[in-house]
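2 protein chains.
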Amino acid sequence: MYGAIEAGGTKFICLVGESPQNIIEEIRIPTTSPSETISQITQFFQKHNQATSLNGIGIGCFGPLNLRESSPDFGKLISTPKLAWEGVNLRKELLKHFNCSISIDTDVNAAAIGEYKWGAGQGLQNIVYLTVGTGIGGGAIVNGRPLRGLMHPEMGHMFIPRSPDDAFEGNCPFHQACLEGLASGSAINRRIQGEGVSISDKDSFWELETQYLALGIVNIICILSPERIILGGGVFEKRDFLFPMIRKKVQVLLNSYIQMKEIVEDINQYIVSPALGSQSGILGALALAYG
Amino acid sequence: MYGAIEAGGTKFICLVGESPQNIIEEIRIPTTSPSETISQITQFFQKHNQATSLNGIGIGCFGPLNLRESSPDFGKLISTPKLAWEGVNLRKELLKHFNCSISIDTDVNAAAIGEYKWGAGQGLQNIVYLTVGTGIGGGAIVNGRPLRGLMHPEMGHMFIPRSPDDAFEGNCPFHQACLEGLASGSAINRRIQGEGVSISDKDSFWELETQYLALGIVNIICILSPERIILGGGVFEKRDFLFPMIRKKVQVLLNSYIQMKEIVEDINQYIVSPALGSQSGILGALALAYG
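Line by line, the protein sequences give chains A and B.
For the first sequence, my numbering gives the first residue as 4, with consecutive numbering after it.
For the second sequence, my numbering gives the first residue as 4, with consecutive numbering after it.
Hints are computed from structural coordinates only; laboratory data are not their basis.
Since this is a predicted model, take the numbers as computed values, not measurements.
Warning: the hint list may mix true and false statements.
Repeated chains share a single entry, so a pair holds when one copy, or any two copies, can fit it.
Straight-line alpha carbon distances no greater than 25 Å define the calculated SDA-like cross-link-like pairs of lysine to any residue that follow [to be verified]:
| no. | residue 1 | residue 2 |
| --- | --- | --- |
| 1 | Lys-85 | Leu-256 |
| 2 | Lys-251 | Gly-188 |
| 3 | Lys-252 | Pro-167 |
| 4 | Lys-99 | Ser-38 |
| 5 | Lys-251 | Pro-67 |
| 6 | Lys-241 | Ala-278 |
| 7 | Lys-264 | Gly-90 |
| 8 | Lys-79 | Val-267 |
| 9 | Lys-205 | Glu-28 |
| 10 | Lys-205 | Asp-76 |
| 11 | Lys-79 | Lys-99 |
| 12 | Lys-120 | Gly-147 |
Please build the complete structure, drawing on both the sequences and the hints.
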């Protein structure tokens, strides 16, 4: 039996199970203060740990995170807009209560791991999971292993060319008009001074939005060369029409330079939705728990 | 004894040796027609193979290349501006003459491998080698292994924001104003309608050039999260002053978002010259020959 946590800015999902087919219990805990939230998580896992002892716990966590296993601060949240959580080390807190191995990675790396193991990345060795929600983030599997490197990718903060007729200045507090500042859910809300969910599917805004996302995807292809790109996050919910728009723009931007069948012919299988739907992250955390 | 080849657009470097400290012979062959050049390479290695049989040959080759080991076309040059070489499979040609394992990777992955094994990447597991010469290309080591993925990275072709006061339209035949189209050696020549080597170190042009390169490096950091970035290629030759300019602009662009000591404090050791100088590629090919 294993424990899994998907730690997000608004809620924590906690799960106990053996595999995606054998899940004992899954709960949602609102993200409040670190002490309150961590205490609720601990209670949930302690209850199960008394029944059957947990062999491991995996955590997919919002970031930025310290992911250097050799560092004394391994697992610690670095700077985050959720100020109360800055400096919190979820892994260390849980190690006080549970005598099993506890693995941690970013939420997006966890989603990439979930899709790699049980979803749209099965059989491949190099995939990217890109989420476009409140923010934009990317996780990656390279040669079958999660990509961390110096810290971990921060794909939302790459710079892309702004469309010449776009007057919106961008809303990233660090970089203003980076990809996240131009095209995330929060950027959309700021741009229209309202709620992005209200934008009609026919609105020409989606031409601009998919152009920015396609530029981001092209940069990911040029730098990371993934075998498949999985797009998740709130902006795509009930908006399947965005996929053909993005795929076409990626092809136009690349202009047949990368002559791989996967991109030139089979792009419908190259840029895809998560096969695990909204479960990529929590199931990836379960895979992380296996160690 | 091993053989190594650095295959470039103007010349091939061929080497026979055991290690960087024990090199038997190194020659340069001009890149002419495939049949002529390959015949000269073959003669060079045959001569040595008769003395001591070669245990392996490593090739770092210009691209794009097919690097799928499972493909019947593994090692084949895909589209290349050097049209006579399109479709040539250097590895397969050499296998007709030599009964040893022959490894191949891109020229920039070979350079990354060389620096990883014997140069500025020693002790690290995630590095990028970026060359800014006639074109712009990047190779990478991730978790200690070369990054290939779907094909291999084509870092020069990422898109970056153009400076608002820059009227140059870019010279990439595929993407016009991608990084390579704006900032490569050939883009510089086109921009000034002359030879980039003549540009004075004091020229304000270098502010623009280093801004574009810094944007490319920031995108590499956001997407690939390397532990070190090694900058090589003709544009940096006798131009050490570009390094502090690039480092400063990378810090300004990232704006302390990635709070890692390596970038915020120790950027002089984060963005560096190749420790192997102009030998990164050919020594990386030698490392490839070890298999």
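Cross-check of the supplied hints:
no., hint, result
1, Lys-85 x Leu-256, "between (36 Å within a copy, 23 Å between copies)"
2, Lys-251 x Gly-188, "within (22 Å within a copy, 31 Å between copies)"
3, Lys-252 x Pro-167, "both (17 Å within a copy, 24 Å between copies)"
4, Lys-99 x Ser-38, "within (14 Å within a copy, 68 Å between copies)"
5, Lys-251 x Pro-67, "between (32 Å within a copy, 23 Å between copies)"
6, Lys-241 x Ala-278, "within (15 Å within a copy, 52 Å between copies)"
7, Lys-264 x Gly-90, "between (46 Å within a copy, 16 Å between copies)"
8, Lys-79 x Val-267, "between (42 Å within a copy, 18 Å between copies)"
9, Lys-205 x Glu-28, "neither (41 Å within a copy, 66 Å between copies)"
10, Lys-205 x Asp-76, "neither (48 Å within a copy, 44 Å between copies)"
11, Lys-79 x Lys-99, "within (15 Å within a copy, 55 Å between copies)"
12, Lys-120 x Gly-147, "both (10 Å within a copy, 22 Å between copies)"
This entry does not satisfy hints 9, 10, going by the numbered hints stated previously.
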